[in-house]
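Enquirer: Given chain D's structure and the hints, the job is docking chain E onto it.
Those protein sequence lines, which keep their order, are chains D and E.
Heads up: the first sequence begins at 1 in the UniProt record's numbering, then just goes up one per residue.
Heads up: the second sequence begins at 1 in the UniProt record's numbering, then just goes up one per residue.
Calculated directly from the structure, the hints in this document are not laboratory data.
Incorrect hints may have been included.
[Said to hold, decoys possible] Below, in silico cross-link-like pairs of lysine-lysine (DSSO-like), each with a Cα-Cα straight-line distance of 30 Å or less:
hint	chain 1	residue 1	chain 2	residue 2
1	E	K232	E	K377
2	D	K470	D	K414
3	E	K247	E	K232
4	D	K68	D	K514
5	D	K247	D	K102
6	E	K195	D	K68
7	D	K135	D	K326
8	D	K547	E	K232
9	E	K377	E	K414
10	E	K414	D	K68
11	E	K232	D	K514
12	D	K275	E	K67
13	D	K68	D	K195
14	D	K355	D	K247
15	D	K247	D	K232
16	E	K67	D	K232
17	D	K135	D	K232
18	E	K370	E	K352
19	D	K195	E	K232
Listed below, chain by chain, are the residues.
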Amino acid sequence: MLPLVALSVLVAVSPAIAVWPLPRQYSTGTTPLRLSPAFHIDLSGIHGAPQDLVAAVARTSNYLRNDKLQALVPDRGASSGNAIRGAKSLNSLTVSLTTSGKVRSISEEAVDDVESRVESYTLTVPADGSPASLKANSTLGLFRGLTTFGQLWYDLNGATYTLEAPFNIVDSPAYPYRGFMLDTARNYFPVADIKRTLDAMSWVKINTFHWHVVDSQSFPLVVPGYTELSQKGAYSAAQVYTPADVKDIVQYAAARGIDVMAEIDTPGHTSIIAKAHPEHIACFEASPWTQFANEPPAGQLRLASSATTNFTTGLLKAAASMFQSKLFSTGGDELNANCYAKDNATQADLAAQQKTLEQALDTFTQATHAGLREVGKRAVVWEEMVLDHQVTLANDTVALVWISSEHVASVAQKGYKLVHAASDYFYLDCGGGGWVGQNVLGNSWCDPFKTWQKSYSFNPTANLTAEQSKLVLGGQHLLWTEQSGPANLDPIVWPRAASSAEVFWSGPGGDVGKALPRLHDVAFRFQQRGVRAIPLQPLWCALRAGKCDLNA
Amino acid sequence: MLPLLLISIAIAPCSVLGLWPIPRNLQTGTTLVKLPSTFDIKVDVNNPPQDLLDAVGRTKSYLQTDKLQRLAVGRGANDSAALGTAPTLPSLCISLLNSAPPRPIAVEAVLPIGTRSEGYSLTVPSDGSSAVLTASSTLGLFRGLTTFGQLWYDNSGTTYTYQAPVKIVNDSPAFPYRGFMLDTARNFFPVSDIKRTLDAMSWVKLNTFHWHVVDSQSFPLDIPAFPELASKGAYSSSEIYSAANVKDIVSYAGARGIDVLMEIDTPGHTTAIAASHPEHIACNQASPWSSFANEPPAGQLRLASAATASFTAQLISSIAQTLPSTLFSTGGDELNINCYVRDPQTQADLSKSGRTLEQALNTFTQSTHKALTDLGKTPVVWEEMVLEHAVTLPQNTVVMVWISSQHAAAVTAKNFRIVHGPSDYFYLDCGTGESIGSDPFANSWCDPFKTWQKAYTFDPLANLSTAQQSLVLGGQQLLWTEQSSPENLDSIVWPRAATSAEVFWTGATLPDGTARNVDAALPRLHDIRYRMVRRGVRAIALQPHFCALRPGVCDLHA
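Isolated chain D, as found in the complex:
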């Protein structure tokens, strides 16, 4: 394949581009270029540019001014001082749409059906100081291009420069779903933390915020019509997400090209609902919890009860209506059969209806999913709904594969679209020790820690046929927060979660040795922008690419 060979030649002579995720086609040069003090991003070619694009341009301009990231080389760029002083100046970046017709906002395009979003762009930065050019078929694509543009520059004594002009980048994602999941129920995260995370996600072109908003431990989501749930189930009156907060988060996300896919996990992981509605919860805080749930406290929705089914359907419809996304997750993981076996109400319901538990689960799930369809949503479920239970799911249902990457093929075999979320690659909480009390030498169930190198090595189509491979929407890192809170949100997530962003944007097969210098760049740029990304190596190594490699 000649084009690929030509591409890799291009890559070989210009290994240092620090864009993350790596553009799918690019070339760089060796000419220094600096941003003129009067540098501006020109939107004038877009008639009626939407406000969120204007705001994205303003943010990009701010980053160009304020990143002040020095090059990651031993002298931090000092020896290039003369070259930079003598460099041509870039006065502007011209942004234009390559389609005519109505200009849609980033926010609208970000919540299009996941398979139909247009995120591609073309970016050209000439070496001679003539205007740079960013073109796309969508404002969402333009936003991705602005993100790339913002990663090209370094600071030396106030000069914003690159040593690698010209740039020619033609880019689009390998997979349409690139996500990050945050659990805000085990421990609560203020809106400010979520917004900072959304910013960071957007910097590496992640496009889906999977918000596992409630769980058995707390119910922080204020759902119109169901406000008693958060009133009695939130950790405190201050630890809630009001409809205004949700709207704020959804808008903030969308303006950054991110779709917010919320999850109300059902029928398990719902113990806290009992605080307001004990009638709907089986085995509420039953002891010993190990017999009734995978983690304390025990408690599951009485799925065989028609009242509970109606309640849940109404709740899901009301919650889903708070979000613009087409996707909404009803969860479905870790159902505990013993909980229902020991629950008199459930046993009576089953007997009255002459149903097995599996049949009742099918009825329950079909009801909740029908409710979602009524409000225009597409259901998302954890893998057990496909692999462990006899539940009838709509063909467009999306399955999240979490238990093991080995389960992907089985889910694909059943013909469902899937999102990779394997605990053996993408669980950010693994390896930090067990959190259950009285368990002296317990380590985490999913040991060891998933290094960025491990997740970076993930192959999204391993063991899949060509036909099955088409079912892969993408993938995500996930943070379950039994041992996390605002105190360690940034350091446990970043820069690790950027590794899946590249796997699913640039495609798999990247080499960790080549990725490391760019990932350093991500971490240091994040720090400059106020996200507490951790160092992957001593600074000595970060300034000397390759010197701290295993065989260096």
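Expert: Just chain E, lined up with the frame of chain D:
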């Protein structure tokens, strides 16, 4: 099972005080006592030193600003009614016993290890009379103030305790050395991060900051007689600890009862010296590094060179004399023999003097240690200096056991005093991958992650004879910073590093005589963690908040 039911009934109403480390002697009641707005801490000490008055001021400030709610369902709302009529505590009176001299805390904190007086007695009555704190030193008073500050919770603006009367008689540490080590060379930490860490250390009565200040990657320490080391070896001119910074840190630590034990690791871990003195470094950045060092970059002091030995002794003397601590570490870990075998100059030096490498190491070490003993300092070394090399050490040398907890017996068998810092219990960096590049599936060399539970189960006296046990000074958790920086300093250290603080203060048994155990510790560790967060230290959650409010409910067998 009836007994189990009974236990759960007994545990449920009995909340635990959040004291950490738990005093070795403690009696509590069940009465609510609140602080009136006029509450004051009265210092009944003649000519009280300024750092004691400052400590009193900080304690009063914590009482006002902690605003920590009880970790119970309802966050203490159930106390509201009783608080209305609860007795108040008009004041805390602090005084020295037996007309002890009112020396500054900072002076008491740097006395030779083993001679410090950290004990105190504290009573908080429930009858409306004043609380009383007494000690034989200002350092002991400081420890008592720290305990006092952990008794209080907030209920809608009322500061109160719920387990008065509290009586603590002569709470004093089981071990004299309770430390925390920070490596500021792999990645740099600004002074403000170190100060915040010192504050957090003082809250759990840690008394030694082991400062691994320089290493092969960078030399951030400005030593007045050798300014070129930092000017050429620091990561940047802004990533340097100036002499004024060091003085500031030392005095900040001292005022908080913390001795600063600095380490200049020698003769290994010294590549950064080559940036200004290439003549002193063998195998500087030699490749492949794995043949010359345990981690990149390679480079070690030319220990067989008289000039290098003299330079090193002067360097150590120059910095050590600016520090009040009686302890100073010359390191001595991970010496790479191959580096010297391949270094022509070292080989020439050895053959000229007719010595083996081990003999040269002995000469080198005696020279650097003489520089310390001339200043009245006691050398501290890593365990290899005792277990792997034929080096003559002063018998009062303090040895840090790091490779394995199993090595404590061998070191004490040689009759050296030890500090426990074993990687299999106390290394905070383990278990989160490794920093070496191009190594797709590697995890950290000291996997797995050392949980607080693991650290908490450490037995300082395991496998030691009675005579050997007397050589145990204490221990510490350590943060090597290949993958840490200010971004995750708090979250990787706290609250985990508090566990060894209790292991070495409280000792083997709880005040009720039962064995110290993780089950009883968890609610109190939650408490200190939440209090740390209130005070601006980003300590991580150990469990879902749900569990933190319900002691025992999230236990394995609950």
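Enquirer: A separate judgement is required for each hint: does it hold in the structure or not?
Expert: Hint-by-hint comparison with the structure:
Restraint check: the Cα-Cα separation between K232/E and K377/E comes to about 28 Å, which is no more than 30 Å; the hinted pair holds. Our distance criterion of 30 Å between C-alpha atoms is met by K470/D and K414/D, whose separation comes to about 13 Å. At roughly 22 Å between alpha-carbon atoms, K247/E and K232/E fall within 30 Å of each other, so this suggested pair holds. In summary, the hint linking K68/D to K514/D is supported, as the alpha carbons are separated by about 24 Å, within the 30 Å threshold.
A hinted pair counts as satisfied when its Cα atoms are at most 30 Å apart, and K247/D with K102/D qualifies at roughly 25 Å. Proposed proximity of K195/E and K68/D is supported: the alpha carbons are some 27 Å apart, at most 30 Å. With a CA separation close to 27 Å, the supplied pair K135/D and K326/D stays within the 30 Å bound. Restraint check: the Cα-Cα separation between K547/D and K232/E comes to about 19 Å, which is no more than 30 Å; the hinted pair holds.
Only pairs whose Cα atoms come within 30 Å are accepted, and K377/E paired with K414/E is accepted, the gap being roughly 21 Å. Straight-line distance between C-alpha atoms of K414/E and K68/D comes to about 55 Å, which puts the hinted pair past the 30 Å bound. For the given pair, K232/E sits about 29 Å from K514/D by alpha-carbon distance, which is consistent with the 30 Å threshold. Restraint check for K275/D and K67/E: satisfied, since their Cα atoms lie roughly 27 Å apart, inside the 30 Å limit.
For a cut-off of 30 Å, the pair hint linking K68/D to K195/D stands: about 22 Å separates their Cα positions. Our distance criterion of 30 Å between C-alpha atoms is broken by K355/D and K247/D, whose separation comes to about 41 Å. For the hint linking K247/D to K232/D, the alpha-carbon distance of about 22 Å falls within 30 Å, and the restraint holds. Among the hinted pairs, K67/E with K232/D is consistent with the structure: their alpha-carbon atoms are about 23 Å apart, no more than 30 Å.
Restraint check for K135/D and K232/D: not satisfied, since their Cα atoms lie roughly 50 Å apart, outside the 30 Å limit. At most 30 Å may separate the alpha-carbon atoms for a hinted pair to count; K370/E and K352/E meet this at roughly 24 Å. Taken as a hint, the K195/D and K232/E pair is broken in the structure, with Cα atoms around 41 Å apart against an allowance of 30 Å.
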